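Visitor: One-letter residues, chain by chain:
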Amino acid sequence: MGYSKELLDQLNFGEGETLFGDTPLAILKAFMQSGVSYLGGYPGSPTAGLIDAISDAYEPVLKEKGVYFDCSGNEASAASLLSASISYPIRGSVNWKIVGTNVASDALSHISSSGVTGGAMIIVGEDYGCDSTCVAERALPFALKSTMAVIDPRGDLGHVARMVEAGFELSEYSNMPVMFLLSTRVAHIRNKMICRDNVTPAISMNHKLDDLITDLDKIPLPPFTFDHEKKKYHERIPSARRFVLERKLNEFFDGSESDMGIITHGMIFNSVMRCLYNLGEANLYGESRVPILNLNVTNPLVPEEIILFLRDKMAVLIIEEGMPNLIEEQIRAIAQRAKLGLDIFGKDILPQAGEYTPDHIAKGVGAYLLKHTHSSYEKERIKEKSEFTEKHKDRAANYLKQPVAKRNPVFCTGCPERPIFTAIKILEEDYGRSYYASDIGCYSMSGLPPFDLSNSITGMGIGLASAGALSRMANKRVISFMGDGTFWHSGLTTSIANAVYNNQNAILIILENFWTSMTGHHENPASGKNMRQEGVGMDIEKALRGAGVRWIKTVDPYDLTESLGVLTEAYEEDEGLRVIISRGECQLEKTRREKVVLKKNIQEGKRMVQKRLGVDADVCTGDHSCMRYNGCPSLTLKESPTILRDDPVAFIEHSCVGCGLCGEIAHAASLCPSFYRVEVIDNPSFMDRIGAKINRSLLHLVSRNGWTG
Amino acid sequence: MEGKSDLIKIMVPAVGGQGGGVLTEWLVQAFFLEDYDVQGISLPGLSQRGGSTVYYLEAHPKPESEDKQIIFAQFPVPGEVDVIISQEFLELGRALQLGYGSDRTTIVTSTHRIYSTLEKLPIGSGIYSDENLRKIATAFSSKLIELNALQLAKDNGMDDLAVNAILFGALAASGRLPLSKESFISSIEKVGVAVKTNLRGFEVGWNSVSSSKDTGKKPVVWETFVRTRADRFEEYEREVYLGKVSRIETEFPGQLREILAESLSRLIDYQDAEYADRYIDDVREVFALDESMKGNLKLTEHFARNLALLMSYEDGIRVAELKIRSDRFKRIKEEMRLRDDQVFKVIDYLKPDAEEIYGLLPNVVVAPFVRIVESSLFKKIWRRKRPVTFAQTPTTTSFSGFLRLWLLTKIKFMRPGSYRFKKERALMDKYKESTLYYAGLDYKLGCLVAGSGAMIKGYGKVRRRTIKAFYRFIDNIIFPLSEFERDKRKNYDITLEVGEEALKLVSGESVEGIDKAEKLAREIMEQRAA
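Top to bottom, those sequences are chains A and B.
The opening position of the first sequence corresponds to residue 1 in our numbering, with each subsequent residue numbered one higher.
The opening position of the second sequence corresponds to residue 710 in our numbering, with each subsequent residue numbered one higher.
Worth flagging that the hints you see were computed from the coordinates, not collected in a lab.
As the structure is a prediction and not an experimental result, all values here were calculated from the model.
Even glycine gets a Cβ: it sits at the ideal position worked out from N, Cα and C.
Please note that a few of the clues may not be correct.
[As the list claims (entries may be wrong)] Straight-line C-alpha distance at most 20 angstroms; calculated SDA-like pairs for lysine to any residue:
id, chain 1, residue 1, chain 2, residue 2
1, A, K599, B, D868
2, A, K600, B, D868
3, A, K611, B, P1103
4, A, K693, B, P1103
[To be verified] If you want the footprint, here are the derived chain A segments under chain B, 3+ residues with CB under 8 angstroms:
id, region
5, 186 to 199
6, 278 to 285
7, 357 to 365
8, 405 to 418
9, 613 to 619
10, 624 to 631
11, 669 to 680
So here's chain A without its partners, still in its complex pose (with noise of 0.2 angstroms):
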């Protein structure tokens, strides 16, 4: 995983060179080009692969130019980081998900409303089909109520990364602070790109300011803050247009019918261009019958370029994802204010919800071109062709009477979360359900099959508070669950600081894993260093402490019997905050690591045991007790060995990594005698050669039965 040297090699290229890669790699190349001094954000998908990027770039090659990558503890702190740019020309960006724009909003209200000198650009994971976990909400909003530009760059590479520079000419020209968003798909594309020289920034951790400005205009309080309203408005918004009308940043693409058109934004454009070839209406290269404006930039619109386009035509469909559809909105203001009578289209033909695929569009788009086909053949022809993609995938989920089964995401294979939900499950016999407050990271699986722990998702750091009034008015002990990641982000305040000054009963289980797992295996303050390889030293349970919680217990994940005898202690308790410290490095990251000591342990001829757990299949009656409290993905099935049995027997499969919970599991909740643990001893010593030796003599001379070990 990462990012290997051949690839952040290229961030080295120059003028005219081709990098090949994806496009967090190609956005920090645009970084470079744009002599940016400082990146910081929070993982978070579909933004972690430029944090990887970046953090993967900064040994090698930022830190030598000056550049500074602040490992931001959250999106409020990532966000804070653009004052920077306020006052001084320092060009500068930051990341995370599309929720994270929720906690940044303090900082980007205010530093939006000071207004920035330097460019200074956010880029937000706009992950409107809802590829992980957060909710179906769009950035634009945020941007309209602070006043920041829009960037929504089509699906093509070279496109991003000169999208990517103009943000940060735009963000200077206009004092506003840019939005660029980033889809999923965009995110994950592969691709080649061509290269401008890099550009050394003025000031950087090289070159020092030694002067600093002290500017009362830019702070955002009475009196000032009216000036910054008015200048929003009367400067900002104006030269921002002016800027994007200049350098040409939206895209006009002629038609041949010129009294149609079509105006769409960002990525869809590619989903257009794909939905208007598959009608046969346009070819591959965006020439299209039907003339197209694309918006690259989508804040603040440009009435000029608008109403040029909308003036000689009879009909506009405007194709925008997401809702509140503010574009759309916004255009028709437009067309109403400069008098234009033509028609316009947009969600009341096309679909409300859900992420905008050529297919999803087809029968709206299908529809506009019927309204103004005239040819009863063309008329057929577009019908036809808009209604097969809806027919084939009627066709295709009806095919099979009993659909395909459901395959959820699972806890890796050794995962130390996952322990902790088998416990909980197993006192659900004797003490019956709880309140479950989940929370966000991996753990929020939780919810899903075999273990359905989880009641509510309220955000990131807030579970526990979320069951705040719960816990004095439901008749039910209260659990929550957290992850060191979102501990340090922002539990400890909001949940934990929030339940001790209220004497909340409840039980908090934090997960402590050493990584931001979720997101690709970030460090967070748990895992004793930070994204740029420099330790610190940060303890959740002194911080807890300091905090004021007096109940703190720390078990290890994979002894069941210790997690059952701590779950129950805290069951028992009934009053105030217990805090359980669930402590086991993300198995995920830990094997990656060791795997390699290992290997090369083993061909050095050193002493090496290994465990791996197995069933044995005769053994094995095949009610599946174990996979209802476990859900290991090495845990699964097989055919049973006995022709009498047609239920599969449980199997476990070489991934296993031997962290022992199916035996342990099948201890703790009594179930079976199937499992059995193997330790493999590589590189045997003399003492465990002769004893196994002797042992299997013994073993001959009772069993008879010419046992080879």
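Starting from the structure of chain A, add chain B where the hints point.
Guide: Using the frame of chain A, we list chain B on its own:
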């Protein structure tokens, strides 16, 4: 404006964490090598944790003019995908169900399964049918290339991730893409991930398609079937077994002989030859009824299977025997892919509960005590939520651990007189009587009852629960419904329907499904009565 062009759209349905990203990367590079414009899209997101995921790729020959640029789409469109390469069979089914396959699609798929959590949870089998998947794959493709890439990887000593290279090779051999074999191979070298293994995997995939051998399962020959079972016995028992098998060959029709031969070997191994005879006697009785009713032998088949399983109920002795068997350790060595220069230990997780232990003792000794323990007075004094259990983790490969289990197997002779045996015998009798009684009423009903014996499984409390569910199924569902129908109607349709529904409920996510089933039966009775 323009007809269909040279645009190639490739979709890779996958399970997160199985290396679909690398497969996509190879494809991107292979197209680059032949001077195509390409866009690959990978979607990690939540998928790193074994959820379903999709990779997508579009390629087009470079436009002739410099200022023309291909506008790629970021989403596959149902009905428009040219090639689907699927890492796993269920995920192919999911992609096809969403409409991505059509009569223009070439499918290259591995047929191995990675079971999803929901398939693993039911007490019975929740595995989605391969047959269905094959059906939809045939219906929504122009060409279907299937291979068990995981099996091929294992057969060639490669790890699970080699599945990707094998599929890549199969795709190259399919000739569907306008790329040379050299470009496919160079792309693997260029991407640089486990190059040696993946090149080998590529060749395996290439050969499996270009030579296209029949990899279907061969039916096991009867003689081999018997021999493999006979060979597990020592000399004397072997002869006894073969004698019994030759008897069933003459006495029973071919359809039953594999089940009977398997059961005989299981029961001789479990107790002794006499015990196996007793089994055959019981089966004979059911078989006679089956024949007299001119049934299709389903009744006998169900009964023969489940009675054998009930008679070989897993007690401590049985588990101990299975745990110290020499071929067990050989099997473990194979499954764990151990080499001879490695030393290994096997540690077992055993946790019998009190009943499983005292159950081994003679009935005459235990029965009076159990009567006291199970009395309501005792339960009032001795309040305990969980049953008393004895957890232990013996190292079975060590002398002391082995000896412990070995000694246990030596009390096998006490089994027929044990407390547990008496209880289990009562269950078997109930099962046999019910089968005979209900088959007498109606053949299909008999089959349903005979088949319901399969719900009894598990150890300790799990087994006790399933046994209870079985008794309740017969006494509270089948009995009242059939009584009702015998009086009022000419057939047993309602009993059959409710019975089947009840079996489905019990084999679902919890044995407590029996509660729902009973409720259902009650409701229907009330409805009918009114």
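Visitor: So is the region 669 to 680 of chain A in contact with chain B by the C-beta rule, three or more residues under 8 angstroms, or is the coverage claim wrong?
Guide: holds (count 10)
Visitor: Take the C-alpha atoms of K600 of chain A and D868 of chain B, compute the straight-line distance between them, and say whether it is at most 20 angstroms.
Guide: Distance of about 19 angstroms is within 20 angstroms: holds.
Visitor: Straight-line Cα separation of K599 of chain A and D868 of chain B no greater than 20 angstroms?
Guide: Distance of about 15 angstroms is within 20 angstroms: holds.
Visitor: Is K611 of chain A within 20 angstroms of P1103 of chain B, Cα to Cα?
Guide: Cα-Cα ~16 angstroms, so holds.
Visitor: Are there three or more residues in the region 613 to 619 of chain A whose C-beta lies closer than 8 angstroms to some C-beta of chain B?
Guide: holds (count 4)
Visitor: Checking one constraint from the list: CA of K693 of chain A to CA of P1103 of chain B, max 20 angstroms. Satisfied?
Guide: 19 angstroms, holds
Visitor: Are there at least three residues in the region 186 to 199 of chain A whose beta carbon sits under 8 angstroms from a beta carbon of chain B?
Guide: holds (count 6)
Visitor: Per the coverage rule (Cβ-Cβ under 8 angstroms, at least three residues), is the region 357 to 365 of chain A covered by chain B?
Guide: holds (count 3)
Visitor: Given that the region 405 to 418 of chain A was listed as covered by chain B, double-check it with a C-beta distance under 8 angstroms for 3 or more residues.
Guide: The restraint on the region 405 to 418 of chain A holds, since 8 of its residues have a Cβ under 8 angstroms from chain B and three suffice.
Visitor: Has the region 624 to 631 of chain A got at least three residues whose CB is nearer than 8 angstroms to a CB belonging to chain B?
Guide: holds (count 5)
Visitor: Check whether three or more residues of the region 278 to 285 of chain A sit with their beta carbon closer than 8 angstroms to a beta carbon of chain B.
Guide: holds (count 7)
Hint compliance for this structure: no hint is broken.
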